[in-house]
Amino acid sequence: MKAQFVQLEKDGPVKLDGSVNKAIEIARNRLLVLSCFFALAFILAGARLIDVAVLRGLGEPVIVAESVESKLKTGRANILDRNGVILATSLSVASLYADPKEVIDPFSTVQSLSRVLDNVDKEVLVRKLSGRKRFVWIRRGITPGQQSKINGLGLPGLHFQKEDRRFYPQRSLSAHVVGFSGTDAAGLAGVEKKFDGRLRDGSDPMELSIDIRVQHILREEISKQIASFNAIGGAGVFIDVNSGEVLGMVSLPDFDPNAINAATSESRFNRATLGVYEMGSTFKIFNTALALETGTATMLSGYDATKPIRYARFTINDFHPQKRWLSVPEIFQYSSNIGSAKMALDFGAATQKQFMKKLGFLNRLPIELPERGRPMYPSPWQKISAMTIAYGHGIAVSPMHLVSGVAAVVNGGVLWPVTLLKKNDRSSNIGKQILSAKTSKNMRKMLRLVVENGTGRNAAATGYWVGGKTGTADKQSPTGAYAKASRLSSFVAAFPIHDPKYAVLVMVDEPKGNKKSFGYATGGWVAAPAVRQIIKRASPILGLLPIDNNSPQIQQLLEINIPQQKHGNRLASF
Amino acid sequence: MFRGSIIVWVLIVSLTGVVMFLIKHEVQVLDARLERLHQDILAHQESTLILTAEWSYLNQPARIEALARKYVAYRPTETNQIKSLADFTLSRKSELSSEGR
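For the record, the sequence lines run as chains A and B. Per the working numbering, the first sequence starts with residue 1, numbered consecutively. Per the working numbering, the second sequence starts with residue 1, numbered consecutively.
Among the hints, erroneous ones may be present.
What the hints assert, rightly or not - Cross-link-like lysine-lysine pairs, in silico, PhoX-like; alpha carbons within 25 Å at most:
id: 1; chain 1: A; residue 1: K162; chain 2: A; residue 2: K133
id: 2; chain 1: A; residue 1: K323; chain 2: A; residue 2: K383
id: 3; chain 1: A; residue 1: K512; chain 2: A; residue 2: K475
id: 4; chain 1: A; residue 1: K224; chain 2: B; residue 2: K70
id: 5; chain 1: A; residue 1: K193; chain 2: A; residue 2: K475
id: 6; chain 1: B; residue 1: K83; chain 2: A; residue 2: K501
What the hints assert, rightly or not - Quick partial rundown of chain B residues pointing at chain A, CB under 8 Å, derived from the structure:
id: 7; residue: S5
id: 8; residue: I50
id: 9; residue: Q60
Everything labelled a hint here was simulated from the structure, so no lab data went into it. Glycine residues also receive a C-beta, built at the ideal position from the N, C-alpha and C atoms.
Using the sequences and the hints given, assemble the complete structure.
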């Protein structure tokens, strides 16, 4: 190149020399532009480097954000009682399956398996393992212990698959509240069904208002009465009268939700909320309250209960006939049907219907369960209906209806919607005033009178000031006739009655009298003793201190004047 | 001078390479450990879940009651066994007043 250059310089014209210079000049300029461009690029890259490495370095997070999900995903959220005890949880369990093609000796495999698993049908299993299918279930949902033992056997052809399974640790104790869910994790009854969507996608556990200890006491005491009176079933409800929270709800017979296929339809039936019954004399609570509220009767007035009432083809009789004039408190105390019917005639059928509607007795309960029975009531609501509804016949409501109504009567007249969910905020004002505080106070006095000196003496739990009312209803046979032998015996109570905190209902279905009860199978003999035991056992758990039975302050609060027809006689009864 | 700076640069570059390799290796080890820890956490959470379910199962009130009857001498508190402080001060007072008389 250089040689050519020289040559050109030597014999080429000046003109040529200039064009070479020009070419060099252009090349130089291009080189300069290019190097400027690169220098700029390097400066930019360097600036960025300093920016990232030095300046940004200070703002760099010390711990890198975790990208891995470290939260365990389970099929459904847990259900807890009010104290955090697990009522329902989802566990991932191993299920054992086999690939028959890989199984070498079906017979010895089954022999070894039957030593680990119980209830193995050997013949069926051998046939399954000798088959041509590539997949057969051997046992679904085995325990971790069984799984490790089977692994230890080292049998070829056996495999495990993880499956989500719903588990109810409290077994039948929570059956009718929690309900159950199917194998595909869909809620099929109870809270499991009602809140299916929320349980499916939420991982936050659901807190119920149930207290499992109270629930246990309720179940045990009612079971005892069912056994000793040879009854077909029973129900019990325990609620907080000042918030409507249900602390206990049982329906017997019940079932184990872990083995739902073994449950009979009878045991799955929820008598506490789905069953509607003519509750009998416990309805006198509402009848008397309404009479006092409307002013058609007072604590000092009364009715003649000498003779049975004959109306159309009906005769209304008393179970504990006094055959004399009875004051309002006495009608309640002796549970007089005659007096109650006459009381109802004074305020009339329309007023009664309106009050029943206010109490929520004509509609399904607002409770969070799919199993809610629709009450049955007469239509049209005639005079005779009013007379029988006065003492709890001719209208059928669920036991839960009754307790929520009683809670409203004793707590100062506020009807709270019953709920199975724990209320963390007790200030929410969703209660409805349906009775005056004065009527409520008088009702509390009369409820105490029944336990102190009336049909409910067996419910007196010393120190806890129980007030309540018995109920014994004749059950209607499918043909519509009332059968004397099949009854519904119940007792509803509130305590401590001078300042009620809780209400309890015990109902026993078709009890038969026994020797201890002298052949009686009435609410006072069957249900009242259970209520006494429940209150006695549950109160210490709930933090209620017993109060001296002779406390003068409380006796004064509950003092009642029982008027006589001619000369008013002041009688103190507590 | 020029050669010296070249050597320095080559040294720096190879040093950076080695350091980078070491750090990368360390990160990989930590990553693997992190993943293992996450798996462990999940496994522990699952066992915790099973254990809490078992705890609830073992704490069924009926079971506790049966065990208590069998092994413990204590019985449920009777109502007359519960007394408030006020009861004691009252009885003490009446005792004192009767002594004074």
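Here is what the structure says about each hint:
{"no.": "1", "hint": "K162(A) <-> K133(A)", "result": "21 Å, holds"}
{"no.": "2", "hint": "K323(A) <-> K383(A)", "result": "24 Å, holds"}
{"no.": "3", "hint": "K512(A) <-> K475(A)", "result": "13 Å, holds"}
{"no.": "4", "hint": "K224(A) <-> K70(B)", "result": "20 Å, holds"}
{"no.": "5", "hint": "K193(A) <-> K475(A)", "result": "31 Å, violated"}
{"no.": "6", "hint": "K83(B) <-> K501(A)", "result": "20 Å, holds"}
{"no.": "7", "hint": "S5", "result": "17 Å, violated"}
{"no.": "8", "hint": "I50", "result": "6 Å, holds"}
{"no.": "9", "hint": "Q60", "result": "6 Å, holds"}
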